[in-house]
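Enquirer: Residue-level listing of the chains:
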Amino acid sequence: MRYNIGLKISYDYASPVSSARHHLRLMPQHLPDEQRLVSALLTIDPPPEERIDRIDFFGNPMVEVIHTTPHDALVFSVTARVDRIGQGQAAPAEISMQDLRAQLGDLRSLGARSPHHFSAASTRIARLPMWREYAREVVTGGLSVRACVEALGLALHRDMRFDPEATTVATPPEDAFARREGVCQDYSQIMIGCLRALGIPAGYVSGYLRTEPPEGQPRLEGADAMHAWVCAWCGVEAGWIEYDPTNATFVGTDHVVIARGRDYADASPVIGSVRVSGETRTAQAVDVIPLD
Amino acid sequence: MTLDNPETADGLAALLAAYRPAPGTRDEMLDETGAIRPLWQSLMGRLAEAGDDEISTSFLRGDQYLRDAGVYFRDLDTDAAGERDWALSHVPVLIEEAEWNDLAAGLIERADLLEHVVADLYGDATLIADGHLPAALIANNPGWLRPLVGVKPRSGHYLNFIAFEIGRGPNGEWWVLSDRTEAPAGAGFALEKRVATNRIYSEHFPKENVLRLAGFFRAFRESLSEMRTDRDSRLAVLTPGPSAPTYFEDAYIARYLGMLLLRGEDLTTENGRLMVRTVAGLRPIDVLWRRVSSGSTDPLELNEASIFGTPGLLGPVREGNASLINALGSGVAEARAMLAFLPRISEALTGKPLAIPNIATWWCGQPDQHETVMAHGESMVIGPAQSTHLPFDSKDMAINGADFAPGTHATLRDWIAAEGPRLVGQEAVRLSTTPAFVDGALVPRPMNMRVFLARTGEGWQVMPGGFARVSQSETPTAMSMRTGGRVADVWVISDTPVQEDTMLASAAVRERRPRAGTLPSLASENLYWLGRYVERAEGLIRLLRAYHTRLAEGLGRHSPLLDLMASHFEDFGVDETEPMPTALLNALDSAMASASQVRDRFSLDGWVSLEELTASARRFGDDLRPGDDSARAMGSLLRQLAAFSGLVRENMYRFTGWRFLSMGRAIERAADMSTALALYADPSAPFGALELAVELGDSSMSHRRRFSVATNRETVVDLLGLDAMNPRSVFYQLDEVLDHVRFLPGSGEPGHMTPLNREIVTLHTRLKTQTPKTVDTALFNDLRGAMNHLSTLLSSAHLK
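Line by line, the protein sequences give chains A and B.
The opening residue of the first sequence carries number 275 in this note's numbering; numbering runs sequentially from there.
The opening residue of the second sequence carries number 18 in this note's numbering; numbering runs sequentially from there.
The shape of chain A in the complex, shown without the other chains (with noise of 0.2 angstroms):
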């Protein structure tokens, strides 16, 4: 499936602020067997005084810009064209816990895409007996590790309520799950807190979602903000997979990936360092279209 990416964040300062810095993670990833970057135009109004492209920890490409000279308004674009191919399974992930935990103690690495990464708290998402006791009530024992992934994915999804003003992007997951509501952010947070409750090595995913659903189908919540799901670890060989809770469906070719991490701080599509005085605007627009 072809898309036609376009994202538009943008700021309104009360007042000039005379230096800023952001890290961005707003571009498609190129990723061999799952998704292929066409082309590619990141702009920044007002240009940056300084801009730094590399690679994180997580394998993600990210951008650091400086701005040091006094603006009032700052806008982030992207143009891109991506081939999405989908998932590319290795090998099905019907693998039992007890192989799972077995595999996870022998594997000696601290790759970028080592489970070990994945296993337990991290900056967001903190170790808590609510993960562990909402994933004992709707997992069963002696599923497979891809059974488990699905039946708390369902789970999530019929019990917490899709609501675009409940929460902020600073919101704890906990906070999210005493409510039962949130976006796709504390979806994914709070799924990837119950996973690893259960030995499950879980991060994070933030993308595109394609914004119209295909001809007869619904449309796919979150569709006009950018998106995010949770991956989870399925073993040596399948790998891991993906799975998308606010919308309770496996990763497909409706997603398109842009960064990976444990949790929503290791892949917020902008972090910034700003001072600023008086309220700030904040506008989001997304398209994801199918040239198909």
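These are computed hints drawn from the structure, not numbers from a lab.
Please note that the accuracy of each hint is not assured.
Unchecked claim - So the derived list for chain B, only partly shown, Cβ under 10 angstroms to chain A, looks like this:
id, residue
1, PRO23
2, GLU24
3, ASP27
4, GLY28
5, LEU138
6, ALA146
7, LEU165
8, ASN320
Heads up, the beta-carbon is just placed ideally off N, CA and C, and yes, glycines get one too.
Take the given structure of chain A and dock chain B to it, following the hints.
Expert: For chain B alone, coordinates are given in the frame of chain A:
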């Protein structure tokens, strides 16, 4: 002196009456037969001869030094057992040079091992691939910072200044209790304790061949100096700031080593280089001795919640444009569970066991080690695997397995089973004891040492002694340290005489004098406000003294003059009916707060005098009665304040920092005097107002000298407004400010003047062209506003 002398022998018997080391414990001073070890005989003999009175007097001398040095001036946080709150244990721990050298060699071996491990974990991770370290342990180590993986330190080394916490077991063997590779504190503390201990044993110390500490610091400083790429850039200590318990030590060590003291907000980056914000704009800097934990240094890439950091700091580090000491992420080696793997890694690398082992440790994340802890947990200390606290730190959650109390988990085994990889078991260590005075009696108390190592041009150097903790509790386990205790000096004693040595001997003086304008903006801002607050306090004190003198002389509160003064007080926000006006205490507190941020730029005496002034003001408190009593009190405060001003004037180096402090005083004083003249030299002012103005300006003598006539409006405005020779006049202050502004970086040539320069020249000229007849109240009111404007211009030009 010999111990055979009968008097000494009697004294010794008395001294050691209560000294009973516990069976099965090694004592540092007494051998197994109960005899004093040869090394200790001279010191014990000295104490025995001294007698109780002399001992307590000399101990007081040491404590007094520490108090004066400001060791107790910090706001102690709630962490009562925090390591900086430990007072001095007056008896040093003694160790022979030969034994020390063996110890040092063993610790250097360990330092190299840790360097290897840290470099590997940020490099190829072969220790992981080869199975020497479990991946899961490192992945969950909060000190392992992913953004730093693959970033090699410019100097080639991760570790440059580390410490080991060591203790001695029953058979006299030394054990490493904990590795400190992140940003070990305490070396500066050790220096202070050394000075204090010297005061106590002022006659005895020079006779003992105690190895000196200064050479260690000098060598370390030299090695930092060598790391610079820009010979003009300065070395700096990076501190979390005054809110941190280590701030005093950070300021002390920065001053001792002649380094800048910086906070995260002092720094920024430009084109991949690390820069300091100074009064002259951004200046490059490339070597930072970091006293801030790695995670807190960059909120953009590391701990996003950090308030101490510099957003973007990792940029220059990644590009190899800055050296942080130790390298960011070095704390990975501190986690307690690492102790379970280091001995085997060492054997794999060198083929032989570590010369100084660490205490036996089992990580419950590995099946076999987990089994061991499950089986023997009751005889172990069980604690968090990733903890970087010391086992005896009050913040640490470790417990004696035998003391397990059922809670969330019913049994110790349930707990270990449930928490698995988050726990380690460690053997419970029995520490040696050393003499300490407790309630006037010499008793044995458990101790452990912190040994500091610095990487120098000639490899690792070990600080010869300096720092031991002495427990308050008698129980000789490491855990007993948690209940707090004291810090003792450690004397490494040589067979041969030791050279005198001071820091001044070398690098610090050879170092090129820093250029003007490298003063960090944050420091200058604090100095400027210190100047303003001190001057404000002085103005208030003079005004209060004048007011109470007049009350004492019988002038009524509602007489025209005191009525006018009341409006003046109101202006200052002062309630003159308060015995000790809150506004005055506030001004003094604000001065202290500003001063506390720039401790490194102050002489100790300057700080102590300010501290004493504030304490006196508080002590007077509510007991003051209006009139004579208050007037006298204010007079006494004024004299104490003069002590501070005098120290600043006489002793402070005439550099940029001094200029900001002086400008603060001058601007405040000019504003203050303008206000007074607007009120008291107004033609409509009541009888006595002119004399009051002269008194507030402390210029009665000058007035008599200059004018043969009684005070009149023209003589007063001449003397206090326009006189270029009177240090209390408005014009004199403007002259001062003008002089300072000329020296400020980038202050501008004629035709290219900065707004600040333009404003001060204009004001200066405006007042200079007046005569006593032409100045009026409106002008003084104007001047007052103009001073505020000047302050704003100064801030926006140099203090942001």
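Enquirer: All the hints need checking, so say for each whether the structure fits it.
Expert: Now the hints, each set against the structure:
Because the closest C-beta pair between B:PRO23 and chain A is about 69 angstroms apart, greater than 10 angstroms, the hint is violated. A hinted interface residue such as B:GLU24 counts as satisfied when its beta carbon comes closer than 10 angstroms to some beta carbon of chain A; here the least separation is about 66 angstroms, so the hint is violated. For B:ASP27, the shortest C-beta to C-beta distance to chain A is roughly 64 angstroms, which exceeds 10 angstroms, and the interface hint is violated. With 10 angstroms as the threshold, the beta carbon of B:GLY28 stays out of range of chain A, its nearest partner Cβ sitting at about 60 angstroms, so the hint is violated.
At a threshold of 10 angstroms, the smallest CB-CB gap from B:LEU138 to chain A is about 8 angstroms, leaving the interface hint in force. Below 10 angstroms, beta-carbon pairs count as interface contacts, and B:ALA146 has one with chain A at about 5 angstroms; its hint therefore holds. Below 10 angstroms, beta-carbon pairs count as interface contacts, and B:LEU165 has one with chain A at about 9 angstroms; its hint therefore holds. Because the beta carbon of B:ASN320 sits about 8 angstroms from the nearest beta carbon in chain A, less than 10 angstroms, this interface hint is met.
Comparing the model with each numbered hint stated earlier shows that hints 1, 2, 3 and 4 do not hold.
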